[in-house]
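Chemist: All chains should be modelled from the sequences, with the hints used to inform the complete structure.
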Amino acid sequence: MKKASQKTARFSPVLKSFNCRSCGATLDLKAVGISVSVSCPSCHVIIDATNPNYKILEKAKKTYKFKKNPSIPIGSRGKLSGKTYEVIGFMERMDGIYPWKEYLLYNPYIGFRWLFEMNGHWSFVKRLRTLPREQLYSSAQYKKKTFKLFNAGEAKVTYVEGEFYWRVKIDDYSKVWDYISPPYMLSKEVTKDESIWTLSTYITPKRLESVFHLEENSLIKPYGIAPNQPSPSKANFKRMFGITVITLLTCLLLQLGNHIWVSNTLLYQGPINLNKERLANSRKISTKFKLVKTPEFEIKQDKKNIKLRGHSAIYNNWIYLDALLVNSKTGKGIPIPLEISHYKGSDWSEGSQTNDTHQYNIPKGTYYLSIQPQSGNFRNSIRLGIELISDVSIFSNFYWILFLLLTPLLTVGVGVFSFEKKRWKNGSENPYGE
Amino acid sequence: MFKAPCPSCGGELIFRSKTTVLCVCSYCRSNVIRHDVDLELMGKQADLLPDMSPLQIGVTGIYKRKRFHVLGRQILGWPDGRWNEWYIMFSNGSDGWIAEAQGEFSVLLAPKERPGLPNLSSLKTKKTLKIDKHTYTLVDRKKVECLGSEGELPFKAVAGDKSLVLDYSDGKNRFASIEIGSSPDFNIFVGSFITLAKVRATGLREFEGWGKP
Numbered sequence: 000m001k002k003a004s005q006k007t008a009r010f011s012p013v014l015k016s017f018n019c020r021s022c023g024a025t026l027d028l029k030a031v032g033i034s035v036s037v038s039c040p041s042c043h044v045i046i047d048a049t050n051p052n053y054k055i056l057e058k059a060k061k062t063y064k065f066k067k068n069p070s071i072p073i074g075s076r077g078k079l080s081g082k083t084y085e086v087i088g089f090m091e092r093m094d095g096i097y098p099w100k101e102y103l104l105y106n107p108y109i110g111f112r113w114l115f116e117m118n119g120h121w122s123f124v125k126r127l128r129t130l131p132r133e134q135l136y137s138s139a140q141y142k143k144k145t146f147k148l149f150n151a152g153e154a155k156v157t158y159v160e161g162e163f164y165w166r167v168k169i170d171d172y173s174k175v176w177d178y179i180s181p182p183y184m185l186s187k188e189v190t191k192d193e194s195i196w197t198l199s200t201y202i203t204p205k206r207l208e209s210v211f212h213l214e215e216n217s218l219i220k221p222y223g224i225a226p227n228q229p230s231p232s233k234a235n236f237k238r239m240f241g242i243t244v245i246t247l248l249t250c251l252l253l254q255l256g257n258h259i260w261v262s263n264t265l266l267y268q269g270p271i272n273l274n275k276e277r278l279a280n281s282r283k284i285s286t287k288f289k290l291v292k293t294p295e296f297e298i299k300q301d302k303k304n305i306k307l308r309g310h311s312a313i314y315n316n317w318i319y320l321d322a323l324l325v326n327s328k329t330g331k332g333i334p335i336p337l338e339i340s341h342y343k344g345s346d347w348s349e350g351s352q353t354n355d356t357h358q359y360n361i362p363k364g365t366y367y368l369s370i371q372p373q374s375g376n377f378r379n380s381i382r383l384g385i386e387l388i389s390d391v392s393i394f395s396n397f398y399w400i401l402f403l404l405l406t407p408l409l410t411v412g413v414g415v416f417s418f419e420k421k422r423w424k425n426g427s428e429n430p431y432g433e
Numbered sequence: 000m001f002k003a004p005c006p007s008c009g010g011e012l013i014f015r016s017k018t019t020v021l022c023v024c025s026y027c028r029s030n031v032i033r034h035d036v037d038l039e040l041m042g043k044q045a046d047l048l049p050d051m052s053p054l055q056i057g058v059t060g061i062y063k064r065k066r067f068h069v070l071g072r073q074i075l076g077w078p079d080g081r082w083n084e085w086y087i088m089f090s091n092g093s094d095g096w097i098a099e100a101q102g103e104f105s106v107l108l109a110p111k112e113r114p115g116l117p118n119l120s121s122l123k124t125k126k127t128l129k130i131d132k133h134t135y136t137l138v139d140r141k142k143v144e145c146l147g148s149e150g151e152l153p154f155k156a157v158a159g160d161k162s163l164v165l166d167y168s169d170g171k172n173r174f175a176s177i178e179i180g181s182s183p184d185f186n187i188f189v190g191s192f193i194t195l196a197k198v199r200a201t202g203l204r205e206f207e208g209w210g211k212p
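If you read the sequences in order, they're chains A and B.
So the first sequence is numbered by numbering that gives the first Met the number 0: it starts at 0 and just counts up by one.
So the second sequence is numbered by numbering that gives the first Met the number 0: it starts at 0 and just counts up by one.
Mixed in with the good hints, there may be bad ones.
The list that follows gives simulated cross-link-like pairs (lysine-lysine, DSSO-like), each with its CA atoms no further than 27 angstroms apart [claimed, not checked]:
(1) A:K168 with A:K15
(2) A:K147 with A:K237
(3) A:K143 with B:K132
(4) A:K191 with B:K142
(5) B:K141 with A:K155
(6) B:K211 with A:K78
(7) A:K174 with B:K171
(8) B:K142 with A:K15
(9) A:K78 with B:K197
(10) B:K141 with A:K125
(11) A:K54 with B:K161
(12) B:K211 with A:K125
(13) A:K29 with B:K211
(14) A:K29 with A:K61
(15) B:K171 with A:K142
(16) A:K144 with B:K197
(17) B:K171 with A:K191
(18) A:K15 with B:K43
(19) A:K82 with B:K197
(20) A:K143 with B:K171
Worth flagging that the hints you see were computed from the coordinates, not collected in a lab.
Modeler: Take a look at the structure:
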């Protein structure tokens, strides 16, 4: 995409059609009056259309050596951003060993546009006449958007077909700087004569197939990640982030409201000494603890939850309270088992000396607790404090919601990150390092 | 507007602009020079070179809220191709040009304050030029040749006329152009890019297979 300026030949007209000096075939120009070089479709030389003798710019041997077939044929027409364009030129360029293809599009009322294709990824390209502002090759500003420098490289023409509005030659060289803000990319191309800015917009092969009336799947499937390919998960992440934040705030509000609303009625509180049972008619001590019964208490509100909390200063031991909340009238028991276990080493610990357990939908009435304790060691007695509270706020549901909400968000977040990491691997300015 | 028969073929010549110097007869392609009310013949021109320009004499549009009409054009050639310069007249009588190169269009107008001609022998070292408070940098200089003209033009522009063109850019979206011909005088313009859609051009040429613009 450059306009060479070799001021050698004499000025001369560009005719609508003329004969190839090499093979005699008739060449028909599309951009009459504008096109400067054109390739002969039958013998593949490149001809200078401004030269009175239609001088040959490039011999067929050189252009045909790396013959490439445009996947959108020259002469195809299609509508892009509302305007019809015709493919009139096709070339391949390379940065070292990485090739890409450029299709020159023409509309007599609008002028020229381009399609670039690399690894099956396509962009619709336009030359900019309002120049972006560049910040020392690290970023560029265009229309209030910041573009990050992605790659600094070069471009060399390796194959040419069709017509062009400059004098095109194999090995035409330019330096290229690409700045990205997907789906857009700003490119600065510098030759010894001039510097040109272009804006590329990512476009899917599917869309191009329908635009240029190509057969389905005739364009190769994109592979790898293009510099300006929109991240598929980024849009999802943004949407999910919004939804997650709103849901979390709602849940937090509900939880806090619940926390204020509940009555937290203390039903019973007291120390319990767990003692081993003395066997009848024997001096021996049983392995079992004595059954503990608390005094009776009243649950005044119907269908509320209750919380049993236990605390004991145990180390490397466990206590299991096989507790029953027994209705004094009916004798029916509701199990509310509680385990406390606590292990500690010099630099680690597991479990805790305090633990809670809950039970829900308790009918109102008079109750007492019947507890059958068990323990992990054979000490005769253990001191334990218990607390029974009715109508408490429960945070575990909230934590579950938190977990369920954040897991997908994090998963998508990781996806976004790894996509960007992969994208930048292809650029010379990779901020993620090697 | 001034109408007169062509001194060569008798066909009607229309001088829409007071500044018109050359009018190329649309019937016989004679160059007719206007000296107030007297007309002078100055040879004939070959047929115009074919091109795909959507502009033609008679096209109108609106630029900066002023309506303009296309009155004529000259085709300029340089070693790397050619371009069109269309002479336009605005509804208030002022004039300007639409340059058409490489499929792009721009409007060129005389600057408010005309700067002096830069010293041509020191262009290599002094590349900047101040016009209407903007600084422009020289980006290109080229020798051009007139390849033909049609309609009304404000100077004698016939095929074979040679001139030097200096192209300046402000590095953003404006550019300036200086044309130095054979006469001691020079032309200077400041320009900005337009699209035909933006200036709401009507009366454009139609091309087979491209539908209405």
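Chemist: Would you mind marking each hint as holding or not holding in the structure?
Modeler: How the hints compare with the structure:
no. : hint               : in the structure
1   : A:K168 with A:K15  : holds (22 angstroms)
2   : A:K147 with A:K237 : holds (20 angstroms)
3   : A:K143 with B:K132 : holds (25 angstroms)
4   : A:K191 with B:K142 : holds (19 angstroms)
5   : B:K141 with A:K155 : holds (26 angstroms)
6   : B:K211 with A:K78  : holds (15 angstroms)
7   : A:K174 with B:K171 : holds (21 angstroms)
8   : B:K142 with A:K15  : holds (25 angstroms)
9   : A:K78 with B:K197  : holds (19 angstroms)
10  : B:K141 with A:K125 : holds (26 angstroms)
11  : A:K54 with B:K161  : holds (23 angstroms)
12  : B:K211 with A:K125 : holds (23 angstroms)
13  : A:K29 with B:K211  : holds (18 angstroms)
14  : A:K29 with A:K61   : holds (24 angstroms)
15  : B:K171 with A:K142 : holds (12 angstroms)
16  : A:K144 with B:K197 : holds (23 angstroms)
17  : B:K171 with A:K191 : holds (20 angstroms)
18  : A:K15 with B:K43   : holds (23 angstroms)
19  : A:K82 with B:K197  : holds (14 angstroms)
20  : A:K143 with B:K171 : holds (14 angstroms)
When the structure is compared with the earlier hints, no violation turns up for any of them.
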